[in-house]
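First to last, the protein sequences are chains E and U.
Quick note: the first sequence, position 82, residue 82 per the numbering used here, numbers continuous.
Quick note: the second sequence, position 245, residue 245 per the numbering used here, numbers continuous.
Everything labelled a hint here was simulated from the structure, so no lab data went into it.
Values in this document were obtained by computation on a predicted structure and should not be read as measured data.
No more than 30 Å apart at the CA atoms, straight line, and that leaves these computed lysine-lysine pairs for BS3-like:
hint : chain 1 : residue 1 : chain 2 : residue 2
1    : E       : Lys-43    : U       : Lys-208
2    : U       : Lys-247   : E       : Lys-78
3    : U       : Lys-79    : E       : Lys-43
4    : E       : Lys-43    : U       : Lys-16
5    : E       : Lys-43    : U       : Lys-91
6    : U       : Lys-117   : E       : Lys-43
7    : U       : Lys-16    : U       : Lys-164
8    : E       : Lys-43    : U       : Lys-193
So these bits of chain U aren't anywhere near chain E, every CB distance computed over 12 Å:
hint : residue
9    : Tyr-30
10   : Gly-131
11   : Glu-138
12   : Lys-155
13   : Thr-166
14   : Tyr-169
Glycine included, each C-beta is placed from N, C-alpha and C at the ideal position.
Residues per chain are reported as follows:
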Amino acid sequence: MIHKFPKITVWRVIFAAILASGAYATYLRIMYGLGGSTNLSDKFPWGIWIAFDVMCGVGLAAGGFTLVAMVHIFNIEKYHPVLRPAILTAFLGYSLVVVGLLYDLGRPDRLWHPLVMWNPHSVMFEVAWCVTLYSTVLFLEFLPVVFEKFGMHKPLAWIHRISVPLMILGVLLSTLHQSSLGTLFLIVPEKLYPLWYTPILPLLFFVSAIAVGLAMTIFESWHSSRAFGRALELPLLMSMGRVLAVVLSVYLWIRFLDMSHRHVFGLLAQNRIETWLFLLEIALMAVPAVLLYQARIRQRPGALYTCAVMVVFGFMANRLNIGTTGLEAGSGTHYIPRWSEVAITLSIVAVGFATFHTIARYFPIFEAEEHPSHGREMEETEADPVAAG
Amino acid sequence: MARAILYDSTLCIGCKACEGACAERWGLPYNETIAAEPQISAHKLTAVDTFGDHFSRRLCMNCVQPACASVCPVGALQKTALGPVTYDADKCMGCRYCMQACPFQVPTYEWNSRLPKMRKCNMCSERQIAGKLTACAEICPVGATINGDRDELMKEAQRRIAEKPTEYYQRVYGISEVGGTSVFYLSAVPFEKIGLRTNLGEDPMPEKTWRVLELVPDIVSTGVVLLGGIYWITNRRTEVARAEGAKKEGR
Numbered sequence: 001m002i003h004k005f006p007k008i009t010v011w012r013v014i015f016a017a018i019l020a021s022g023a024y025a026t027y028l029r030i031m032y033g034l035g036g037s038t039n040l041s042d043k044f045p046w047g048i049w050i051a052f053d054v055m056c057g058v059g060l061a062a063g064g065f066t067l068v069a070m071v072h073i074f075n076i077e078k079y080h081p082v083l084r085p086a087i088l089t090a091f092l093g094y095s096l097v098v099v100g101l102l103y104d105l106g107r108p109d110r111l112w113h114p115l116v117m118w119n120p121h122s123v124m125f126e127v128a129w130c131v132t133l134y135s136t137v138l139f140l141e142f143l144p145v146v147f148e149k150f151g152m153h154k155p156l157a158w159i160h161r162i163s164v165p166l167m168i169l170g171v172l173l174s175t176l177h178q179s180s181l182g183t184l185f186l187i188v189p190e191k192l193y194p195l196w197y198t199p200i201l202p203l204l205f206f207v208s209a210i211a212v213g214l215a216m217t218i219f220e221s222w223h224s225s226r227a228f229g230r231a232l233e234l235p236l237l238m239s240m241g242r243v244l245a246v247v248l249s250v251y252l253w254i255r256f257l258d259m260s261h262r263h264v265f266g267l268l269a270q271n272r273i274e275t276w277l278f279l280l281e282i283a284l285m286a287v288p289a290v291l292l293y294q295a296r297i298r299q300r301p302g303a304l305y306t307c308a309v310m311v312v313f314g315f316m317a318n319r320l321n322i323g324t325t326g327l328e329a330g331s332g333t334h335y336i337p338r339w340s341e342v343a344i345t346l347s348i349v350a351v352g353f354a355t356f357h358t359i360a361r362y363f364p365i366f367e368a369e370e371h372p373s374h375g376r377e378m379e380e381t382e383a384d385p386v387a388a389g
Numbered sequence: 001m002a003r004a005i006l007y008d009s010t011l012c013i014g015c016k017a018c019e020g021a022c023a024e025r026w027g028l029p030y031n032e033t034i035a036a037e038p039q040i041s042a043h044k045l046t047a048v049d050t051f052g053d054h055f056s057r058r059l060c061m062n063c064v065q066p067a068c069a070s071v072c073p074v075g076a077l078q079k080t081a082l083g084p085v086t087y088d089a090d091k092c093m094g095c096r097y098c099m100q101a102c103p104f105q106v107p108t109y110e111w112n113s114r115l116p117k118m119r120k121c122n123m124c125s126e127r128q129i130a131g132k133l134t135a136c137a138e139i140c141p142v143g144a145t146i147n148g149d150r151d152e153l154m155k156e157a158q159r160r161i162a163e164k165p166t167e168y169y170q171r172v173y174g175i176s177e178v179g180g181t182s183v184f185y186l187s188a189v190p191f192e193k194i195g196l197r198t199n200l201g202e203d204p205m206p207e208k209t210w211r212v213l214e215l216v217p218d219i220v221s222t223g224v225v226l227l228g229g230i231y232w233i234t235n236r237r238t239e240v241a242r243a244e245g246a247k248k249e250g251r
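With the hints as constraints, model all of the structure from the sequences given.
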């Protein structure tokens, strides 16, 4: 077998550059501590490693539990083809969240402490347990793919037997975990800007996680259809777009009610950075909500994809606002992430994309659609030399 | 029973003797450069700052219901019966939630260490246990910082503002803030003018998260029944459909 040097493409160069900067930032983090690798301070103890790597990472993994609930618990079979990619995303998402935590914790060697030293009054304790248990559940939910690949029938049968309780547990743990990331910020009423601080943060985190879970599933299907030359499951994604429109509307409506009950609309008249960031975040959720109600938008893959991307960005804006920018004024300081913080975050994202791509290529992830198209691809490649010859 | 500290800003002369005594007690370096730093940090657990004509001292408030202890996932922070909020560095994993949660922004971090710890004043916990005064109260030459029983110090503070209504802003900071603290402040001017937060409210911070956390067992148990039930209903439907389909085929 000839080992070919991988072809140099723009994306591969960018990928390599990101990983190289990430490696150097990792060196800084290990050798010079958090002070040498971040712009965190006593007044601003959490940065983008928490607000992006953890809070967005967990949210973007929400497709896993949303689709498991839809397919297996609500028994909406038609979504089955996109279930596996969603579970894979969730599993990778959670694994990368743990990687992010290893960077962010002052003592990553003590990551296991909350499992042994309990404080049930702490939201962080709940978060730690949810991450641990749900990562395990996701691993078990993903295992059938590995067993199928290697034709291990006995363990496959065994894991199918526990699959129902496993799925229910997974959905529950996700519900708790998604909402608990919002609960984390209930303790900072005097620091978090009133456009974001609300006692119902846990509920808002949960509903927006469902929305972004659906958006990520559309996002992935679109990308994988292009990367692997599969047919896009358009009717399926169109109906998912419908669900997404409704979930977004519910989310926006809850936020509207919450803000009117707390009488904070007046804050929107202030020309402050928070106002603009808030409006950006809402627009990125409201525009796709309106668009997705229209059949002609849902029918066009490009438009559907654009809507999904907007939701993903709106979601990230929300988490970053709550985790960083919304806390600046109340903490009496400014925070702009250092290059090394950004480098490590980008590296984690890049590794996530690459791993997804690799697993999707070698394992039966896009099951239903893949086999015929995969076969066709093989025929084509086999036919090619003949044609050339 | 519980101990507390009373800091009277009107008596403070800004000599920073408390800073030196505190550094000595913690075994931290103290020199002119460090003395000039106005804020608390991992190497300076109390700091005297100047606000115009007034002095103000920062130290851990050792809250009656501390946010830091409630949010610590590993229970490294504990409220002791004697008053101090203590920290066990061997448990701490460095999540820094205590720093985020503290309404007074007291916990500080050894940012440049490879094996960092959180740092904060613990009201000289071991000295209090031994029946001694805090290092800062013991050294204060003018009695601006005094250490004693919480209830008695509260009465003393109220007595001072009642006796000299023109010299004191007519409130004691720390009696009701976030459910009460173990450090009381007296001042000639409103407290926000000596760098204290006055928008904290009187509810203890831990309640804000506990209100949600205490629902977790209910959510889990209800969720199991609900999701299990939905699964049973929806999949029963397919079973029935399958069985009927088989029957029809049989005919």
